[in-house]
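> One letter stands for each residue in the lines below.
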Amino acid sequence: MVLRKARFKHLMMFILPAALLIAVFVLYPTIRTITLSFVGEDGKLTLSNYKEVLTSKDIVDLRGFERGFPFGALIHNLMWIAIHLPLTTFLGLFLAVILRNIKGGTIIKSIIFLGMVMPMIVGGIMVRFMFEENVGVVNMVLGVFGLTTQTWTAYPESALLALIFGSTWLWAGFSLILYSAGLETIPKSYYEAAQIDGASPVRMFFNITIPLLKPITVVVITMTLLWELKIFDIVYVATMGGPGGASNVLALQMYMYGFREWDFGKAAVVAVLITLSTLVAAVPMIKSAGDEAE
Amino acid sequence: MRKLLVLMVILLTVLTFAKITVIVPWSGAELDKFLPVISAFQEKTGIEVEYKTYRAEDLANILPAQFAAKKAPGDVIFMWTSFLAKNTANAVELSDVVLPSNYLSGALDNVTFNGKIYGFAYTAKVKPGFWYRKSFFEKYGLTPPKTWDEFVLLLKYLKQIPGLKAPIASGDGVGWPLSDITEHFLITFGGPELQKDLIEGNISWKSYTVRKAMDKLTFLLKQGFFSEPIEWTTVLKQWWNGEYGLYFMGSWITGMVDDPDDLGVFSLPGNQGMVFGIDYAFVPKFSKNIDEAKKFVAFLASAEGQTVQVAQGGHIATVLGVPEMAYPTVDREVAKLLIGVQSLNDLDDSIGGLWQPAFWDQLKLLWVRPERLDDVLETLEEKMPK
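Chain order of the listed sequences is A and B.
For the first sequence, position 169 matches number 168 in numbering that gives the first Met the number 0, and the numbering has no gaps at all.
For the second sequence, position 316 matches number 315 in numbering that gives the first Met the number 0, and the numbering has no gaps at all.
No wet-lab data here; the hints were simulated from the structure.
Since the structure is predicted, the reported quantities are computational estimates derived from the model, not experimental observations.
Heads up, a few of these hints could be off.
Said to hold, decoys possible - List time: in silico BS3-like cross-link candidates among lysine-lysine, alpha-carbon distance up to 25 Å:
{"no.": "1", "chain 1": "A", "residue 1": "Lys43", "chain 2": "B", "residue 2": "Lys385"}
{"no.": "2", "chain 1": "B", "residue 1": "Lys85", "chain 2": "B", "residue 2": "Lys195"}
{"no.": "3", "chain 1": "B", "residue 1": "Lys385", "chain 2": "A", "residue 2": "Lys56"}
{"no.": "4", "chain 1": "B", "residue 1": "Lys158", "chain 2": "B", "residue 2": "Lys145"}
{"no.": "5", "chain 1": "B", "residue 1": "Lys115", "chain 2": "B", "residue 2": "Lys70"}
{"no.": "6", "chain 1": "A", "residue 1": "Lys43", "chain 2": "B", "residue 2": "Lys85"}
{"no.": "7", "chain 1": "B", "residue 1": "Lys85", "chain 2": "B", "residue 2": "Lys69"}
{"no.": "8", "chain 1": "B", "residue 1": "Lys115", "chain 2": "B", "residue 2": "Lys284"}
{"no.": "9", "chain 1": "B", "residue 1": "Lys43", "chain 2": "B", "residue 2": "Lys18"}
{"no.": "10", "chain 1": "B", "residue 1": "Lys385", "chain 2": "A", "residue 2": "Lys50"}
{"no.": "11", "chain 1": "B", "residue 1": "Lys164", "chain 2": "B", "residue 2": "Lys133"}
{"no.": "12", "chain 1": "B", "residue 1": "Lys155", "chain 2": "B", "residue 2": "Lys133"}
{"no.": "13", "chain 1": "B", "residue 1": "Lys85", "chain 2": "B", "residue 2": "Lys293"}
{"no.": "14", "chain 1": "A", "residue 1": "Lys56", "chain 2": "B", "residue 2": "Lys205"}
{"no.": "15", "chain 1": "B", "residue 1": "Lys18", "chain 2": "B", "residue 2": "Lys69"}
Just need the whole structure built from these sequences, with the hints factored in.
Given below as structure tokens:
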């Protein structure tokens with residue numbers, strides 16, 4: 000009994016500081032945000048914030064399906080995920096595999112990783128200039144091939160895509176580094192055995208590399224998803240969600256509700272939406288971590 | 000004893016030389032033109048003035064949180080009057096140092112609430128119209144247009160000049176350069192009353208009057224007479240170097256070019272009103288140097304202080320008693336355009352809130368997709384404060 004009490008005391012000593020920090024900096028703000036999302040202008044509990052936000056054209060604008068951008072921040076976030084997620088994941092994997100046995104591969108990887116090290120605000124400004132008509136590197140390349148040049152972030156049809164492609168450059172370093180580390184953990188003997196059995200490099204890639212990189216892929220996908228859902232800084236500095244809301248995203252809309260309209264109830268609703276989405280996205284990672292522990 | 004003496008001297012020095020912080024919206028060349036005013040004040044009073052640059056858009060985010068914590072980032076803050084109107088409880092009343100009798104009629108209307116003055120009007124800038132380089136016009140034998148048809152003809156002529164990217168340069172950034180052009184069209188083709196009605200919310204953005212004025216603008220946009228929106232200081236240099244023919248900008252442009260004497264300006268033919276953009280400021284209640292801040296306010300609200308500012312170019316005094324000879328030549332030309340036209344408040348600064356960034360953003364869309372005018376007007380109507 001005494002031993003059990005002492006053990007409990009020891010456990011508490013280790014758990015309490017972390018638990019306290021989580022309670023103050025995670026639990027309290029989360030609960031406060033959730034309750035705030037149900038408080039109306041008159042201070043009474045209501046669902047009106049949810050009704051207003053979910054029916055707002057800033058969040059979902061179905062007219063976009065007839066006339067083009069904007070589609071609303073929520074759909075823009077989904078588009079971001081649909082394009083950016085596979086692009087960065089496959090690009091990172093592809094680069095990790097081809098740079099694995101190349102001389103100077105580490106230096107190239109470090110250069111690619113620079114995009115990740117850079118503050119995203121700076122990254123956003125660079126993305127803006129990359130797609131600018133007069134000084135942008137993208138237009139310089141297009142010009143060489145005689146293709147149309149324009150400020151891609153200025154047009155509703157291309158603003159969001161420009162930001163997505165620009166951020167692919169910034170984020171690809173993340174998946175590249177994780178996949179590079181993952182590749183080092185695969186024993187060379189597997190490939191040697193497969194080679195003796197006459198397997199082609201393509202077969203080895205699909206039957207050995209990809210399955211053994213599954214835990215890494217789960218982490219890459221989850222972390223990228225979380226990043227995409229809370230994307231803010233790049234959009235804020237590059238386009239401010241424009242033109243005409245064509246590149247607006249949820250986090251920017253939350254900022255607008257909160258700090259331009261000073262309507263914290265509506266801002267809290269968007270925060271809850273983002274939190275719920277990130278929870279859904281985080282489930283595979285948590286499950287995968289659990290499987291590994293078993 | 001000796002140590003105590005040294006300590007006393009240090010303490011006295013600190014107490015004698017008070018220091019205040021002024022928050023200004025200017026940077027670069029615009030800020031350089033304000034520094035002589037600070038120097039003149041420091042020389043006169045011995046009060047040190049530190050300046051910090053914050054855009055009004057950023058202050059709109061920062062100040063409410065600061066006020067809630069009973070703090071202020073500066074002792075004198077330049078800010079929109081639409082913001083001040085909602086924050087008089089956080090501002091010091093300045094009725095004792097800002098006297099309406101010293102001012103041009105109506106200059107203090109926007110900072111007077113329930114008969115009390117909570118801010119002050121510094122100098123003003125006007126948004127007179129399209130600027131051109133006199134040497135450029137002389138080179139091609141051009142003259143400022145007197146009618147709408149002549150204006151369109153001028154733009155058509157400019158469009159076919161080899162090497163010119165577009166007849167009119169469009170400034171971008173946060174978005175206000177596009178809103179200034181749009182307001183000029185609204186005032187010219189809808190009349191000065193339209194500007195006032197839009198500010199007051201007395202007329203719909205989908206009304207015939209607005210539509211008629213905006214149609215004139217979209218006609219020019221569809222013809223490709225305007226460039227894409229480009230960062231306004233970058234495009235200013237490009238326009239000055241001859242890559243564009245005209246540039247719509249406020250009168251502060253005269254302080255931003257190498258040779259202000261080469262500048263010419265014309266309003267849209269038939270224009271009867273001009274946005275008179277006064278820079279307003281206030282003293283926050285949470286300032287720790289209210290007395291010194293009030294002395295600075297009194298200086299900026301005096302003919303003495305504003306004379307120093309207007310001499311730098313690009314500014315127009317709002318107080319009485321500033322001699323005409325204090326203005327550079329080009330500013331006196333701008334002043335001529337003001338004769339017989341109504342001075343008006345800035346549209347988006349006056350409405351403020353979430354509508355202002357929405358207005359800027361919608362205009363960015365209109366600039367590249369003028370055929371979506373209906374969408375733009377519908378959104379602007381939806382976003383208007385209820």
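> All hints, please: hold or fail.
Hint-by-hint comparison with the structure:
1. Lys43/A - Lys385/B: holds (21 Å)
2. Lys85/B - Lys195/B: With a Cα-Cα distance of about 20 Å, the restraint between Lys85/B and Lys195/B holds, given a limit of 25 Å.
3. Lys385/B - Lys56/A: holds (17 Å)
4. Lys158/B - Lys145/B: holds (19 Å)
5. Lys115/B - Lys70/B: Cα-Cα ~23 Å, so holds.
6. Lys43/A - Lys85/B: holds (23 Å)
7. Lys85/B - Lys69/B: With Cα atoms ~16 Å apart, Lys85/B and Lys69/B stay inside 25 Å; holds.
8. Lys115/B - Lys284/B: holds (15 Å)
9. Lys43/B - Lys18/B: holds (14 Å)
10. Lys385/B - Lys50/A: Between Lys385/B and Lys50/A the Cα gap is close to 18 Å, so the pair holds against 25 Å.
11. Lys164/B - Lys133/B: With a Cα-Cα distance of about 19 Å, the restraint between Lys164/B and Lys133/B holds, given a limit of 25 Å.
12. Lys155/B - Lys133/B: The hint holds at about 19 Å.
13. Lys85/B - Lys293/B: holds (21 Å)
14. Lys56/A - Lys205/B: holds (18 Å)
15. Lys18/B - Lys69/B: It holds: about 20 Å lies between the C-alpha atoms, which stays within 25 Å.
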